[in-house]
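**Student:** What follows is the residue order along each chain.
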Amino acid sequence: MVKQTRRSFVGSTAGTLAGAAAATSLGAAIAEAAPAVGVAPVSRRAQDDRQKITFYHIFGTPPGGTPAASPAPMIQVIDAFNAQSTTTFIESQTPSTAYAEVLQKAQADIAAGNAPDLVITPWSNLNYADEGLGVIDLGTVGGDKLEDVLGNLRQEARDIVTKDDRVLGLPWGLSTPIVYYNADVFKQAGVDPETALATWDAFKTDAPKLQEALGGNPVIAFTFNKDWPAQTLVQCNGGRIVNDDGTFGFTSDEAKAAMQMVADLDKDGLYDRSTSQEIRPNFVSGATAVFIASVASLKGLRNDVAFTLGTAPWPTFADKARKASTGGSFIGVYTRDESHYAGIWEFFTFCTSQAGYEIWNQTGYINISTHDFPQLDGQAPAYTQFEEGLIRETNWPGARGLEAQTTWATFVERIWANDISVDEGVSEAESELSAIVG
Amino acid sequence: MALARNKMDAPSLSDAARPAPIVSRRPWTWYRLVEGITPYLLIAPLLILIIVFIYWPLIYSFYLSFFDWNFVRPDKTFVGFDNFTRLPNDPRFIRSLRGTFVYFVALVPIQVFLPLLLALLLWPIRKSRAQTSYRIMLFSPTVIAYSVAAVMWLWIFNPLQGVLNKVLAEFGVERINWLSDRDTAIWAIIIVATWKTLGFHLLLYMAALEAVPEDYVEAASLDGASNWQIMRSIRFPLITPTFFFVLVTTVISVNDDVFGAINVLTNGGPFESTTNIIYYLYQQGFQYFQIGAASAVAVIVFLATVLLTWLQFRFVERHVHYG
Chain A
1 MVKQTRRSFV GSTAGTLAGA AAATSLGAAI AEAAPAVGVA PVSRRAQDDR QKITFYHIFG
61 TPPGGTPAAS PAPMIQVIDA FNAQSTTTFI ESQTPSTAYA EVLQKAQADI AAGNAPDLVI
121 TPWSNLNYAD EGLGVIDLGT VGGDKLEDVL GNLRQEARDI VTKDDRVLGL PWGLSTPIVY
181 YNADVFKQAG VDPETALATW DAFKTDAPKL QEALGGNPVI AFTFNKDWPA QTLVQCNGGR
241 IVNDDGTFGF TSDEAKAAMQ MVADLDKDGL YDRSTSQEIR PNFVSGATAV FIASVASLKG
301 LRNDVAFTLG TAPWPTFADK ARKASTGGSF IGVYTRDESH YAGIWEFFTF CTSQAGYEIW
361 NQTGYINIST HDFPQLDGQA PAYTQFEEGL IRETNWPGAR GLEAQTTWAT FVERIWANDI
421 SVDEGVSEAE SELSAIVG
Chain B
1 MALARNKMDA PSLSDAARPA PIVSRRPWTW YRLVEGITPY LLIAPLLILI IVFIYWPLIY
61 SFYLSFFDWN FVRPDKTFVG FDNFTRLPND PRFIRSLRGT FVYFVALVPI QVFLPLLLAL
121 LLWPIRKSRA QTSYRIMLFS PTVIAYSVAA VMWLWIFNPL QGVLNKVLAE FGVERINWLS
181 DRDTAIWAII IVATWKTLGF HLLLYMAALE AVPEDYVEAA SLDGASNWQI MRSIRFPLIT
241 PTFFFVLVTT VISVNDDVFG AINVLTNGGP FESTTNIIYY LYQQGFQYFQ IGAASAVAVI
301 VFLATVLLTW LQFRFVERHV HYG
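Listed in order, the protein sequences are those of chains A and B. Start counting the first sequence at 1; every next residue gets the next number (the numbering used here). Start counting the second sequence at 1; every next residue gets the next number (the numbering used here).
Hints are supplied without guarantee of correctness; some may be wrong.
Unchecked claim - Subject to a maximum C-alpha distance of 27 Å in a straight line, what follows is the list of computed DSS-like cross-link-like pairs (lysine-lysine):
no.: 1; chain 1: B; residue 1: 76; chain 2: A; residue 2: 163
no.: 2; chain 1: B; residue 1: 166; chain 2: A; residue 2: 267
no.: 3; chain 1: A; residue 1: 105; chain 2: A; residue 2: 163
no.: 4; chain 1: A; residue 1: 209; chain 2: A; residue 2: 320
no.: 5; chain 1: A; residue 1: 163; chain 2: A; residue 2: 209
no.: 6; chain 1: A; residue 1: 209; chain 2: B; residue 2: 76
no.: 7; chain 1: B; residue 1: 76; chain 2: A; residue 2: 105
no.: 8; chain 1: A; residue 1: 204; chain 2: A; residue 2: 320
no.: 9; chain 1: A; residue 1: 267; chain 2: A; residue 2: 204
no.: 10; chain 1: A; residue 1: 267; chain 2: A; residue 2: 256
no.: 11; chain 1: A; residue 1: 163; chain 2: A; residue 2: 145
no.: 12; chain 1: A; residue 1: 187; chain 2: A; residue 2: 163
Keep in mind the hints are simulated off the structure, nothing from the lab.
With the sequences and hints as input, model every part of the structure.
**Tutor:** Written out as structure tokens, the structure is:
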């Protein structure tokens, strides 16, 4: 056994402390070098006497994309605001690039008495933000200056965040699911995308040719949370997932027929059943040919693919009207400190100004401001669907709405992958969801 | 007994001759104070951490299991045993129990016996450099974060481009949806969890084998014992404390161990076929913010763990040789 003396103890302790200090320095260096994902880099933290407003969001990278060399548009908006404001500093934090995880952190921080001032909140969680998290009405925050901000936004967007005459957040990232396709595969298969993606019947006719061109791989994939594209699918066939009066709409014949359509694609081996982590890489690498995902993924996909990327609106069911759903998020105010209202409002005013919104508009989200900006290449299908009228993303009622949403998404996956028949799936879903929603 | 005998044998002394009891006359000093409280001060930091991060949450979970609360609402609604009674009627809870059972039955034997087998295979080459390489290779997954490992495993399991399907295709095997088919996904999780935990248990067994006195082995060899007899009658009995430790900790943690793999690879899917009770707890607590329900599940997990651990101590520990 080595004898411990005071000298050796002091020496070893000093060594340990030096090691810890080195590790801390290393951590700081990593934080500096890190991309905008995770805790905000040190350089972006408030380092002056301005009032600090914390903002949790998911936009550390281009939506759906890989970290870019330049800061993501949201970071650019924040940086531009911080550069011009003399009274307010927005501290940007990106705890995750997934909405649910950002909300989890926000909820934990609110519970710990350390509520973030602003949190990006999905449209689908509007009810939960109101009933569960205590999101603050913008009328309370903006007071008589409410129209200075909301006046810069289109009425359709304002309607989505309005509940019982209260405006529950700043409409910000408005997306809708659109069709992305690999134009090279279509060309190789001799399939005209305009014709093949016009209706689901036409797609089913041409899909086998695409499958052959792909070497037998499945042709089409739907984005991560299957409940979201399922909503547009059902609506395009004249159904609803949840009716406006809160009753279940997915039990209707129209909804069942729409769900059956994907199950039929699966039976023919045309539907990519891969997991949520796998479907995007499959499309990006050219293993599948059609990917239905948010328009907000446009920039990321464009950066990542090596083939000619095409976009199209959703195929329709014969001559029925297309009724796509909204997606994306609003900026909710969760601060518990009223003295932050002025700073928040100053930031919102900048965000919705011509200068602020122009930066944000690079993402691919639909321009919901009253400012005119040129459309991005490939964005047209989203505007087509927007002009046709988007239906608000399903907000599952009740305190267990989040659980209901996940449960329905699981049933959609099961039905589409023929793990259960449409009739059985809808029936079981109705039973389980009734127990959850009440 | 020895003390009693000494007392009886001791010559009796008259009261006058008996020496006066020794009464400490040392003054109360800072030295004595510090000497007295030092042990408590030394354990205090750890004790505080254990109380704050283990015992207090445990007690608070019991308390919260009787309430409906979402962490944020200022008021908690007392619901009695509702959070417990609703569980048997929740199909997702039942599915999570099924997954828990499968993981338990598959992973406990794998995680306990496979590293033991590998340790025994590595034992003959313990003095060669190759063994160090094996150790590093087998232990390194233990220190790799699941989020990092997930990237690798996702590409291995990818149905369209993954290396596993590519290799199998060479043998004429048709495409397998490893992570999106309910029949294969749970086995994919088991493979990843085994890969992740194997090294740590291997290291424990290797250390235990090192500690077996070679004298015993040499004596048995001289008596003509075969390698198998030496293993069965000398080495294995002497490493049973480690075996028992691995068994108990595996039973306690096996469903925690798969949580990381579930979370990064399947999110409990496809169709909740890879979920388990820990993932269900996580979803209730941190995805749906049903803190009361999550606490009720935590209480059930705690009680089940206590019961299983007690059973092991009751029925398995008797076979352990502590030397």
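**Student:** Against this structure, judge whether each hint is valid.
**Tutor:** Results of checking the hints against the structure:
In summary, the hint linking residue 76 of chain B to residue 163 of chain A is supported, as the alpha carbons are separated by about 25 Å, within the 27 Å threshold. For the suggested pair residue 166 of chain B and residue 267 of chain A, the alpha carbons sit about 23 Å apart, so the restraint of at most 27 Å is met. With a C-alpha separation of about 25 Å, the suggested pair residue 105 of chain A and residue 163 of chain A falls inside the 27 Å cut-off, and the hint holds. Between residue 209 of chain A and residue 320 of chain A the CA atoms are separated by roughly 26 Å; this keeps the pair inside 27 Å, and the hint holds.
The straight-line distance between the Cα atoms of residue 163 of chain A and residue 209 of chain A is roughly 47 Å, outside the 27 Å bound, and the hint therefore fails. In summary, the hint linking residue 209 of chain A to residue 76 of chain B is not supported, as the alpha carbons are separated by about 59 Å, beyond the 27 Å threshold. A distance of roughly 20 Å separates the Cα atoms of residue 76 of chain B and residue 105 of chain A; the hinted pair therefore holds under the 27 Å criterion. Between residue 204 of chain A and residue 320 of chain A the CA atoms are separated by roughly 17 Å; this keeps the pair inside 27 Å, and the hint holds.
Note on residue 267 of chain A and residue 204 of chain A: the hinted pairing holds, with a Cα-Cα distance of about 12 Å set against a maximum of 27 Å. About 16 Å separates the Cα atoms of residue 267 of chain A and residue 256 of chain A, which keeps this hinted pair within 27 Å; it holds. Proposed proximity of residue 163 of chain A and residue 145 of chain A is supported: the alpha carbons are some 20 Å apart, at most 27 Å. This hinted pair does not check out: residue 187 of chain A and residue 163 of chain A have alpha carbons roughly 47 Å apart, beyond 27 Å.
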